[in-house]
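Number of protein chains: 4
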Amino acid sequence: MTGAARRRLVAEFLGSSLLTAVVVGSGIAAQSLSPGDVGLQLLENALATAFGLFALIVVFAHVSGAHFNPVVSAADAALGYRPWREVLTYVPAQILGCIAGAILANAMFDAPIVEWSSTERLTGPHLLGEVVATAGLILVIFSLARAGRAHLAAPAVAAYIGAAYLFTSSTSFANPAITIGRMFSDTFAGIAPSSAPGYIGAQVVGGVVGVLLVRYLHPKRLPHELTPVTDAHVNRNAA
Amino acid sequence: MTGAARRRLVAEFLGSSLLTAVVVGSGIAAQSLSPGDVGLQLLENALATAFGLFALIVVFAHVSGAHFNPVVSAADAALGYRPWREVLTYVPAQILGCIAGAILANAMFDAPIVEWSSTERLTGPHLLGEVVATAGLILVIFSLARAGRAHLAAPAVAAYIGAAYLFTSSTSFANPAITIGRMFSDTFAGIAPSSAPGYIGAQVVGGVVGVLLVRYLHPKRLPHELTPVTDAHVNRNAA
Amino acid sequence: MTGAARRRLVAEFLGSSLLTAVVVGSGIAAQSLSPGDVGLQLLENALATAFGLFALIVVFAHVSGAHFNPVVSAADAALGYRPWREVLTYVPAQILGCIAGAILANAMFDAPIVEWSSTERLTGPHLLGEVVATAGLILVIFSLARAGRAHLAAPAVAAYIGAAYLFTSSTSFANPAITIGRMFSDTFAGIAPSSAPGYIGAQVVGGVVGVLLVRYLHPKRLPHELTPVTDAHVNRNAA
Amino acid sequence: MTGAARRRLVAEFLGSSLLTAVVVGSGIAAQSLSPGDVGLQLLENALATAFGLFALIVVFAHVSGAHFNPVVSAADAALGYRPWREVLTYVPAQILGCIAGAILANAMFDAPIVEWSSTERLTGPHLLGEVVATAGLILVIFSLARAGRAHLAAPAVAAYIGAAYLFTSSTSFANPAITIGRMFSDTFAGIAPSSAPGYIGAQVVGGVVGVLLVRYLHPKRLPHELTPVTDAHVNRNAA
Chain E
5 MTGAARRRLV
15 AEFLGSSLLT
25 AVVVGSGIAA
35 QSLSPGDVGL
45 QLLENALATA
55 FGLFALIVVF
65 AHVSGAHFNP
75 VVSAADAALG
85 YRPWREVLTY
95 VPAQILGCIA
105 GAILANAMFD
115 APIVEWSSTE
125 RLTGPHLLGE
135 VVATAGLILV
145 IFSLARAGRA
155 HLAAPAVAAY
165 IGAAYLFTSS
175 TSFANPAITI
185 GRMFSDTFAG
195 IAPSSAPGYI
205 GAQVVGGVVG
215 VLLVRYLHPK
225 RLPHELTPVT
235 DAHVNRNAA
Chain C
5 MTGAARRRLV
15 AEFLGSSLLT
25 AVVVGSGIAA
35 QSLSPGDVGL
45 QLLENALATA
55 FGLFALIVVF
65 AHVSGAHFNP
75 VVSAADAALG
85 YRPWREVLTY
95 VPAQILGCIA
105 GAILANAMFD
115 APIVEWSSTE
125 RLTGPHLLGE
135 VVATAGLILV
145 IFSLARAGRA
155 HLAAPAVAAY
165 IGAAYLFTSS
175 TSFANPAITI
185 GRMFSDTFAG
195 IAPSSAPGYI
205 GAQVVGGVVG
215 VLLVRYLHPK
225 RLPHELTPVT
235 DAHVNRNAA
Chain H
5 MTGAARRRLV
15 AEFLGSSLLT
25 AVVVGSGIAA
35 QSLSPGDVGL
45 QLLENALATA
55 FGLFALIVVF
65 AHVSGAHFNP
75 VVSAADAALG
85 YRPWREVLTY
95 VPAQILGCIA
105 GAILANAMFD
115 APIVEWSSTE
125 RLTGPHLLGE
135 VVATAGLILV
145 IFSLARAGRA
155 HLAAPAVAAY
165 IGAAYLFTSS
175 TSFANPAITI
185 GRMFSDTFAG
195 IAPSSAPGYI
205 GAQVVGGVVG
215 VLLVRYLHPK
225 RLPHELTPVT
235 DAHVNRNAA
Chain U
5 MTGAARRRLV
15 AEFLGSSLLT
25 AVVVGSGIAA
35 QSLSPGDVGL
45 QLLENALATA
55 FGLFALIVVF
65 AHVSGAHFNP
75 VVSAADAALG
85 YRPWREVLTY
95 VPAQILGCIA
105 GAILANAMFD
115 APIVEWSSTE
125 RLTGPHLLGE
135 VVATAGLILV
145 IFSLARAGRA
155 HLAAPAVAAY
165 IGAAYLFTSS
175 TSFANPAITI
185 GRMFSDTFAG
195 IAPSSAPGYI
205 GAQVVGGVVG
215 VLLVRYLHPK
225 RLPHELTPVT
235 DAHVNRNAA
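Protein chains in written order, with this note's numbering: chain E, 5 to 243; chain C, 5 to 243; chain H, 5 to 243; chain U, 5 to 243.
A few of these clues could be false.
Given that identical chains are not distinguished, each listed pair holds provided it fits within a single copy or across any two copies.
As the list claims (entries may be wrong) - Okay, derived cross-link-like pairs now, SDA-like style, lysine to any residue, Cα gap no bigger than 25 Å in a straight line:
#, residue 1, residue 2
1, Lys224, Tyr85
2, Lys224, Thr6
3, Lys224, Ala82
4, Lys224, His155
5, Lys224, Val14
6, Lys224, Val212
7, Lys224, Thr93
8, Lys224, Val209
What the hints contain is simulated information worked out from the structure, not anything from laboratory work.
Make a model of the complete structure from these sequences and hints.
Below, the structure written as structure tokens:
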């Protein structure tokens, strides 16, 4: 593995870790500081996540593409922006990063370092929420990529996820790696291990729906669409 | 109908559907999670809508123009950016999309799939609110178009609607299609069918006021104003 | 008066009116919908104002410069961007616009159309707040202008005012015209006529402080600083 | 000292002062206006800080680089963007500015002008929070600088700090100068003098971690990376 490839994996690990620390940490803060209103807790959690996601995407986009999400990496490959074999290295980095981030959040808030979440979330409407949330996420990222406007991905993804926390019943995990990470914290943002496989399945379905919609809506690549979603290629060539 | 024209209709249907899912879904979440403070419910609903609208506009602008709103499509034609006959195909797609989005939100939150709203909203001050909200929306979109700054439409429209939820007494529907869609959900964001025609009439009046203001304030097109509001034309030519 | 000059005045009137409608209208909504928490009312008012201000500035910047504020127009002249005689026509348009906006907000919310505010706000700390708020506003707008970055004025001013609502004790009126307009609504955002002259005096002092700071920090104009704060000049030439 | 060098110090003093006034002032407002919900207080404080920080960075970036933070100035020198001897002049300006800003906030809200804070914050998890918060801040600023995207620093830093208020247990001071300034106000945002040295030590550790991460993730400078973090150099040459 080249130095540049290793850097990309470190970037995915670190970004996934910080993203999960934002999600879980702000969830813990919200739950303990706003005990009287769950909607306010969710608003605090959503705004922290949207703000953090914007910063993390602009920071890591030029290194690894700032996926932090196996469904995004798989869609990236399916749409021809990245070789499938790199996805196989990204996914473990993302999962380990999300677990590390949950542990970091627990440590920052003096919660048990690792504790299985007991929050059951598995219902039909929640699964529908995850399908919609994930399909929408893929639609946002790759519509911009194929229209040659990938520079808008950071604000668009942050805004989309901020909205999706509030408009889906599942609060929009939309990411298998963070779903796994969030099993490790028995707090506001946690998910019980028994609910995780259903969520992940729904996210995969949403990812497929998203890719099909992107392909239908953007059948051709405009010339400036050749810009990759990420600038990983630039670094790769430069390294 | 060409493939490109069909794609534009699918984009309008899909975008209108997702927009309504954001509005109705976040309304349901806000109402159930923040039962003690209606202002907080409205703030959650407004932020989710502003964030979602920004994402949806940047995603669909390059396909269909991202109108999601019959008054916007009509103003687009009135100001010469799009043929009237295309408006006739856009409007049904927008209305069907908004109905589908309300149903989707109901399904995600385990509410009755279709239930007429019982929220009466018809008062003089509310109608005045809708006139102001819609005139302002048209003024924002087409002032930018005629000044050659259509690339600012997404953040400007999102910010405007986020504000308008809070500064108009009607909470700024400003869109006949979403007004129809919101009849199909007896929740926070719903509107009783008996109130809808008055709202739609006020929105049409606001649209006319908005177009007149745009024409007065921007009597000439600068050279770079020739850029269309949307990039639909680009796709049309490329297809 | 040329047609272009008249359009600029209409733009200042209309923009000032809509800005005041946003401030007063969202204040009324916040006060009636969030009766239990004044901080939440102020947050709702601040977010609506920041969002609305961003939209109004991008919409009117290319017509009149989007001042909506006599202190901004005076600073614009003092720093050489606009003739003083135009300021004399802008100020009445701004004041009348702000009064009209307050009346519009009252009408939208079914409050008495005109009612003197009874909210006394005159204390030493509040006056200090207004000096700081207005000096900061001038510093933001004209530092960007003199550094050739006037395209950032809309988001920077909106963010600054959103913060200033919360970090100054006076909630940052920072604008003599809106101070006068807000006398006409006995609601959350109102100000008693007896408090207004003190506020306006403090705003003038803040404006002078702001201009002196801008002059010290940006002693030279870079070449691209020749871009005017507004694009009024463009329209003037084009008309 | 040249006129340009003096202007840079005035800019750091003034910007640090206004930043601290935003942090402390909005903290006082939040605490007194939202007494029933500490999470809501923190949200109000976080949004005011994020909005204010965005405005202050865009305003002062072209004069002094808009550091307002000794750790940022030191990292700027460590990464070769600024001579170390200038850091020695920046740091006192930042510390004095932050103290002045706390005093200004106290005066605006009619609190005792200077009063030692009694808020003890020294725990292991809080120190971990400060290490994470500061490392993340350095990572955000200098990843963008080394990738030639310093123009995104203002929104990215503002969003990052807005999130960090909510996702770290320490509420993310991440700045030794503001830590010192916040000792001077016995209010929401204050910190007891006995807790300050531990916080500052953790921030220094975070700064070192951040610089190491930046160096690892961005081993080479792309050609356009030569753009300095700030435009101070431009002014220096022009003066």
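Hint by hint, here is what the structure shows:
In the homo-oligomer, the alpha carbons of Lys224 and Tyr85 lie at most 25 Å apart both inside one protomer (14 Å) and across protomers (24 Å), since each shortest distance falls under that limit. In this homomeric assembly, Lys224 and Thr6 come within 25 Å of each other (Cα to Cα) only across copies, at 15 Å, whereas the closest approach inside a single copy is 33 Å. For the identical chains of this complex, Lys224 and Ala82 are intra-copy neighbours only, at 15 Å inside a copy versus 30 Å across copies, given an alpha-carbon limit of 25 Å. For a Cα distance limit of 25 Å, the shortest separation of Lys224 from His155 qualifies both inside one copy, at 19 Å, and across copies, at 22 Å.
Taking the closest pair of Cα atoms, Lys224 and Val14 come within 25 Å of each other only across two copies (16 Å); inside a single copy the shortest separation is 34 Å, beyond that limit. Proximity of Lys224 and Val212 under a CA criterion of 25 Å is satisfied intra-copy only: 19 Å inside one chain copy versus 37 Å between copies. Within a single copy, Lys224 and Thr93 get their C-alpha atoms only as close as 29 Å, which misses the 25 Å cut-off; across copies the closest is 23 Å, which meets it. In the homo-oligomer, the alpha carbons of Lys224 and Val209 lie at most 25 Å apart inside one protomer (24 Å), although the nearest pairing across protomers, at 40 Å, exceeds that limit.
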